[in-house]
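Peer 1: Here's the letter readout for the chains.
2 protein chains.
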Amino acid sequence: MKKTLREKIIYPDDKRLLVEEALAHYFSSGETYPQVVYEAMRHSLFSGGKRFRPVLTLLSAEAFGCEPEDVLPTACAVEYIHTYSLIHDDLPAIDDDEMRRGQPTCHILFGEDIAILAGDALLAEAFYLIASLQKGEPSKTVQVIGELAEASSARGMVGGQVADIISTGKQVDASTLEFIHTRKTGRLIQAAARVGAILANASEEEMEILSTYAHYLGLAFQITDDILDVVGQAEVLGKKVGADQHQLKATFPDTFGLNKAMEMAREATDRAIEALDKLRADTSSLANLARFVCAREK
Amino acid sequence: MKKTLREKIIYPDDKRLLVEEALAHYFSSGETYPQVVYEAMRHSLFSGGKRFRPVLTLLSAEAFGCEPEDVLPTACAVEYIHTYSLIHDDLPAIDDDEMRRGQPTCHILFGEDIAILAGDALLAEAFYLIASLQKGEPSKTVQVIGELAEASSARGMVGGQVADIISTGKQVDASTLEFIHTRKTGRLIQAAARVGAILANASEEEMEILSTYAHYLGLAFQITDDILDVVGQAEVLGKKVGADQHQLKATFPDTFGLNKAMEMAREATDRAIEALDKLRADTSSLANLARFVCAREK
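Respectively, the protein sequence lines represent chains A and B. So in our numbering, spot 256 of the first sequence is number 256, and the numbers just go up one at a time. So in our numbering, spot 38 of the second sequence is number 38, and the numbers just go up one at a time.
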């Protein structure tokens with residue numbers, strides 16, 4: 001079973017390339033003064049990374065019959081939001097991380113003040129990008145903005161991050177751990193999938209099935225992240241290994257043990273793929289992405 | 001002249017009350033866990049203040065024939081954005097302010113981490129509020145979101161704040177001072193006026209005239225703010241007087257002298273009111289607001 005899965009896992013680099021090109025295009029077309037804030041935004045936006053969330057938006061749109069090119073403003077906005085959240089998470093007052101993706105974090109290079117503001121600007125810019133460039137029915141654009149704004153709010157990412165902060169150093173139960181991760185990481189991943197489907201005019205029933213897929217995908221992603229923090233190699237990950245334990249963060253291996261956590265990641269992946277079976281669309285690339293998430297080494 | 005102006009100045013408290021009630025309503029209808037982030041958001045959102053920007057949105061909508069009640073989600077979103085910007089401005093890494101409106105700032109009460117995240121959540125929540133509750137043509141909603149997102153981006157508030165930071169301690173010329181203030185304070189004030197007019201279906205020509213009004217209104221607001229920082233009374237302002245000079249910030253009194261700055265504030269107010277003369281709408285309340293800005297004591 002494991003072998004079969006491994007054979008099929010190819011990351012959709014064609015989609016990643018589309019995202020890279022679009023990000024470079026959108027980002028370069030703005031003003032440039034005061035330069036330092038654009039440099040800080042650029043540093044974090046173009047420091048590598050798989051572009052997992054925007055790729056998911058493209059794949060989801062494509063599965064429901066939309067050209068991936070037609071949802072690029074929204075896909076790139078998702079990456080802006082993700083990047084803003086990384087910049088703020090890394091701040092001394094929050095996770096105090098000095099390295100990310102093999103490079104110094106934003107505040108290390110540009111100072112705390114500029115890093116806070118560069119993050120703020122990326123969040124605002126995300127909504128500007130969609131409002132100004134996303135083509136299609138305006139009512140769909142509004143829906144997409146609402147989805148991403150909610151995912152970024154205290155009911156989404158921020159709530160997860162705060163729950164994580166107040167749980168640090170405590171032994172947390174499974175339901176708190178789930179609360180943290182479905183919001184901190186899971187909610188934006190789910191939104192990334194949903195906005196692609198919204199723009200492709202997916203039906204309510206299809207949206208529901210896709211949300212189930214994306215929920216388990218996000219869960220698999222986070223559990224794997226926690227596992228890699230324990231067993232991964234620093235040079236492959238581009239950041240310190242063991243950072244979670246060092247910061248006494250609530251993690252899946254910590255709460256359930258490493259073996260059980262690995263089993264949970266596989267189970268979440270299976271459930272994500274099972275959900276897709278209920279769709280009539282061609283969901284092979286979405287299934288492939290779920291397999292990649294579970295088997296990835298960084 | 002001065003006497004005539006003073007006679008007419010009454011702050012539109014009926015509109016402020018509308019905003020207060022709507023804010024209380026929108027804010028209380030969300031989730032409440034993790035509680036601390038909602039408390040932090042609530043502390044900053046309900047710590048008094050004139051609600052100047054959302055009131056401007058209501059007055060602008062009303063001038064173009066729209067019921068103020070119909071633009072409340074957008075008006076409150078403007079206040080969310082303003083509040084987020086205050087929380088982040090006050091942070092130790094930026095202005096390092098401990099008091100605002102007579103109360104401890106957000107990070108003093110809740111810690112830096114929660115203050116950063118509460119600000120982030122308010123910015124995201126602003127766009128959610130509009131996307132989920134603003135009624136009317138979806139194309140107008142998209143335009144409103146684009147306007148506020150741009151005003152909050154590096155081309156707007158963030159750009160002004162960063163320019164302010166890199167100019168701190170330097171003698172700045174008039175054009176840099178203008179760059180800082182048209183963006184840091186002026187741009188959101190202008191956007192607050194514009195979004196009211198967009199929702200009221202103002203024509204392009206009307207939008208342009210209103211933007212001129214709001215540009216000078218924002219300028220008058222900032223110059224008066226700088227003047228009050230020099231001559232105001234701490235107990236009326238609810239914050240430290242002389243903070244700008246203490247922080248070596250670029251201000252109008254500093255660059256032009258106090259008398260010239262006062263003259264500039266009056267001139268900007270006159271220009272704002274002059275612009276309104278070109279509109280056929282009933283703009284008396286917008287003119288009154290401009291007079292209030294120039295004559296206010298806090």
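Keep in mind that the hints were calculated from the coordinates and are not lab data. Heads up, some of the hints might be wrong.
Identical chains share a label here; the pair holds if one copy fits it or two copies do between them.
[Stated by the list, open to error] Once the Cα atoms are required to be at most 20 Å apart in a straight line, the calculated SDA-like pairs of lysine to any residue come out as:
| # | residue 1 | residue 2 |
| --- | --- | --- |
| 1 | 170 | 36 |
| 2 | 260 | 276 |
| 3 | 249 | 36 |
| 4 | 170 | 10 |
| 5 | 260 | 230 |
| 6 | 278 | 33 |
| 7 | 249 | 33 |
| 8 | 170 | 287 |
| 9 | 170 | 33 |
| 10 | 260 | 201 |
| 11 | 140 | 296 |
| 12 | 249 | 111 |
| 13 | 170 | 35 |
| 14 | 170 | 111 |
| 15 | 140 | 94 |
| 16 | 278 | 13 |
Peer 1: Which constraints among the numbered hints does this structure fail? Numbers only, ascending.
Peer 2: Structure breaks hints 2, 4, 6, 8, 10, 11, 15 and 16.
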